[in-house]
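J.: Model the placement of chain R on the given structure of chain S, informed by the hints.
Line order of the protein sequences matches chains S and R. So the first sequence is numbered by this note's numbering: it starts at 1 and just counts up by one. So the second sequence is numbered by this note's numbering: it starts at 1 and just counts up by one.
These are calculated hints, taken from the structure and not from any lab test. Where a beta carbon is used, it is the ideal one built from N, C-alpha and C, also for glycine. Among the hints, erroneous ones may be present.
Derived Cβ-Cβ restraints for the label pairs, each shown as a range [as the list claims (entries may be wrong)]:
no.	chain 1	residue 1	chain 2	residue 2	range
1	R	ARG145	S	GLY100	54 to 64 Å
2	R	ALA141	S	ARG177	56 to 66 Å
3	S	VAL58	R	SER11	33 to 43 Å
4	R	HIS86	S	THR16	49 to 59 Å
5	S	PRO55	R	SER11	40 to 50 Å
6	R	GLY163	S	GLN21	28 to 38 Å
7	R	PRO176	S	GLN8	47 to 57 Å
8	S	SER173	R	HIS86	21 to 31 Å
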Amino acid sequence: MNRLVNMQDALSQATTLEEVQTFVQDLRAVYDLEHLVYHSVNSTGAQYAALTYDPGWVERYIEQDYARIDPVVQGCYRQFQPIDWKALDWSAKPSRAFLGEAGDAGLGNQGFSVPIRGPSGQFALVSVNQKCNDDSWSSFTSERVADLLLISHYLNEKALQIEGNPNRGPIRSLSPREKDTLTLLAAGSNRANIAETLKISESTLRVYIESARFKLGATNTTHAVAMALTHGLIVV
Amino acid sequence: MIRYVYADQLSVHPKLQASMLKDRALQFHKRLKWEVSVDANGFERDQYDSLNPLYVIWETPEGLHGGSMRFLPSTGATMVNDFFSHLTGKVIADQRVWETTRFCVSPSAQDGGRIAALLMLAGAQLGVGFGLSHAIGVFDARMIRIYRKLGWLPEVLGTDGHGREAISAGLWEFRPDLLSGLASKAGVSTDVSEHWFARAFGQDKVAFAA
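Next comes chain S alone, as it looks inside the complex (with noise of 0.2 Å):
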């Protein structure tokens, strides 16, 4: 659990698509998975993957628009619970041999998917998959599903910061003095003692507090600070 908690710092340091690429396949080697996959579909349709399938499969995948009768796909894109492959609707005859040519590329028997609904009608989905027996798979998911969910919830904010969200919009950054001023205001300091502290007025403070709510998006002061926060903008 230590290894995973340094990689989602790593995670959270990644900047570019490819790292996020190397999270996916150094996950896959700390579960000893078979494989690992998180595909993102935003508003606009522009697709994105990081996964550790053949390049073959992905290829042909691509190539024969599988999506279309992929039951992973089909199944988890309406719905949002975390579901087992075994649950998903394998009986069109298309699916089946769907499911022969997957195994020939390499997949394991057994998968677990992750849907996630985005920000403005984004869809991604983290799988996981592994070449096991059906007992040793259930006590693998049981045990590992607030896992995934915290792995998916990592992995499709970081390719949506990269990427940059329409919605919630590429973060710009602040200036040094909009830092400080968010800073102080999550560590519970009123505008008086800012502006004290900073050496400015309290209506320059207040122009501060206004570029980067207007940076941020932010509806109002506090949702501010708490975007700053979850942004990695500032640390208290």
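T.: Chain R only, in chain S's frame:
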């Protein structure tokens, strides 16, 4: 019995669906006088019903709505983020937190207290079963007595207004040890509760063999 059913699966249960939406109109429009819209059929529906939410419904032996609540993941659009962020003070978007709304017991139910307990049990079963950390919801003062009686109080994030008029946003923590207490108050065993959950989400529907 408890049914866990997504909106797009509800159309195969038209009686259940219609009675739920009518009961919601009675409770939220007529009784509580909330600003909700009721259509020509007498159905209370809002924009979140069109996001394919997951309903937890107590179905009576006659196949009608006895009580229900609605769940949506907090990472997508939620009422609390869209309308009540002044109560929470921040946007709550977390893969392990689902929003619960429209907690409703049928006004015609004889055993409303037990139905409330059944719904809370089913909600807890859902969270524990899926490894969620919390449910988030907005509630008014009259509900606090019910939560206390059931032994599952939310952590209050913020409150607006006073006395009977107060509304609050709160987080309910999902803990496995809650289930037996809620089950005994609902008058069912935890086995039954697990069975309802497994029937909706279990793996025994179609065999998956590579």
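J.: Against each hint, give a clear statement of whether it holds in the structure.
T.: Outcome of the hint check:
| no. | hint | result |
| --- | --- | --- |
| 1 | R/ARG145 <-> S/GLY100: 54 to 64 Å | holds, 58 Å |
| 2 | R/ALA141 <-> S/ARG177: 56 to 66 Å | violated, 43 Å |
| 3 | S/VAL58 <-> R/SER11: 33 to 43 Å | holds, 36 Å |
| 4 | R/HIS86 <-> S/THR16: 49 to 59 Å | violated, 37 Å |
| 5 | S/PRO55 <-> R/SER11: 40 to 50 Å | holds, 41 Å |
| 6 | R/GLY163 <-> S/GLN21: 28 to 38 Å | violated, 55 Å |
| 7 | R/PRO176 <-> S/GLN8: 47 to 57 Å | violated, 24 Å |
| 8 | S/SER173 <-> R/HIS86: 21 to 31 Å | holds, 27 Å |
When the structure is compared with the earlier hints, violations turn up for hints 2, 4, 6, 7 and for no others.
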